[in-house]
Amino acid sequence: MTDPIQSAAAIMVRDYVVLAFLVSLGALQITTSISEIRGLWLLPNKNLTRALGILLIILGLGYYLLSPLWLEGPWAAGSVVDGTSENRACGTASLDEISGARNLNDIHGGMAGTAYAVYFIFSAVLATIIAAAIAGIRQRYLGPKTLSSSADGLDALKQTDPLSTLSVSLSNLHRGIALDIERMMQATHRWSIPAIFERTFRN
Amino acid sequence: MLFINGFVGKSALFDHFAKIAASDYLMPLAFSAVIFAIWFIGRDITERRRYQRATLIAATAIGLANLAVDIIDSAYDRPRPFDQLADSMTLLFYRSTDPSFPANPMAVVFAIAMAVMLADRRIGWWLMAFATIYSVLRIYVGSFYPTDVIGGAIIGILAALLAWFLFELIKPVPELVLRLLRGIGVA
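Sequences listed follow chains A and B, in order. Per this note's numbering, residue 2 is the first one in the first sequence, and the count goes up by one each step. Per this note's numbering, residue 23 is the first one in the second sequence, and the count goes up by one each step.
Fair warning: there could be bad hints in the mix.
[To be verified] Below, a sample of chain A positions facing chain B; criterion: calculated Cβ distance under 7 Å:
hint, residue
1, Thr-32
2, Asn-106
3, Val-119
4, Phe-121
5, Ser-172
6, Leu-174
7, Met-185
It should be emphasised that the hints constitute simulated quantities derived from the structure, not laboratory data. Built from N, CA and C at the ideal position, the CB exists for glycine as well.
I would like the entire structure built from these sequences, with the hints used as guidance.
Here it is in structure tokens:
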């Protein structure tokens, strides 16, 4: 027989990852549409990308807040008393108790603060990778031909696809890293620890 | 605390809103989404670098704030308001088992708000406003005393300033990290 706290925890993690993924992907679409980083757009048009971003965030929040109405979890109707999490039964929530359904203490199957942080990072990284993959496929095979770019990093993604960006960025990094470090050291404070180390070992 | 919590039950709709807005998932997720999103903001590399630095400072500040809260929690175990004032208040939230002071969620959201404010005052002030609303709602639902959230806010703000100072102290290491991330196309 499965432990009810463990099953509750698994449901909470699954749903939070879905929420964090959709919100991250939505936020990514909105900001990249503002800064015109086309290499991470899911759609070819700027306004459509922004609208999709807003839609993804609404979808994520809607799923997380409303899914207890049709998905079984530690929020059975009648057991979500005043939003507290003791003595929860498994089942679907009632509309009246939906606002407190997800408020679950970590000892009753909810998530601890660190878990929220870890799963958010995981979801945000996953959202970025998926956006890059979809945008890459769209730009290479479906969309207009990408321009060649000598810029690297996110600047290159404004003009070209993620794969070309990676290759240009790595090549620029390999060629220019030594000079970049030298410039960074010259621009730093006299009292910064790396600068003190550099002076000590140079003398 | 009792004054703010005394409004519970006056409006069922607001109580539903408070349970959602004061939750562990909504505001922290929104703040995390902001620090993730600002990574991609910026018209040019200089502006973007400023925001990306803010994301790194915010992440460091969250770690420092949590560390400070853990240290204080191990030295001082303040009971939660629902343990001490059970007869005179209404609890809308679950019974947290960790110490009441300082409020960990407030330390986190204020750390993020302060870190962002160092890069962009306008977004920073918005986040400060939402962090304050979150704090008041946590008192409203009966989870914290006002001094807990004030303590958490101070710890969060100081953690962000300390993270900023540490970044200055180890300069140019953060710039080098950003340069390496640019080398794989993500900064």
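We went through each hint and held it up to the structure:
1. With a cut of 7 Å, the hint placing Thr-32/A at the interface with chain B holds, because the nearest CB-to-CB distance is about 4 Å.
2. Because the beta carbon of Asn-106/A sits about 4 Å from the nearest beta carbon in chain B, less than 7 Å, this interface hint is met.
3. Because the closest C-beta pair between Val-119/A and chain B is about 11 Å apart, greater than 7 Å, the hint is violated.
4. Contact between Phe-121/A and chain B, as hinted, is supported at the beta carbon level, the nearest pair being about 5 Å apart and thus within 7 Å.
5. Below 7 Å, beta-carbon pairs count as interface contacts, and Ser-172/A has none with chain B, the closest being about 9 Å; its hint is therefore violated.
6. For Leu-174/A, the shortest C-beta to C-beta distance to chain B is roughly 3 Å, which falls under 7 Å, so the interface hint holds.
7. With 7 Å as the threshold, the beta carbon of Met-185/A comes within range of chain B, its nearest partner Cβ sitting at about 4 Å, so the hint holds.
Checked against the numbered hints given earlier, the structure breaks hints 3 and 5 and satisfies all the rest.
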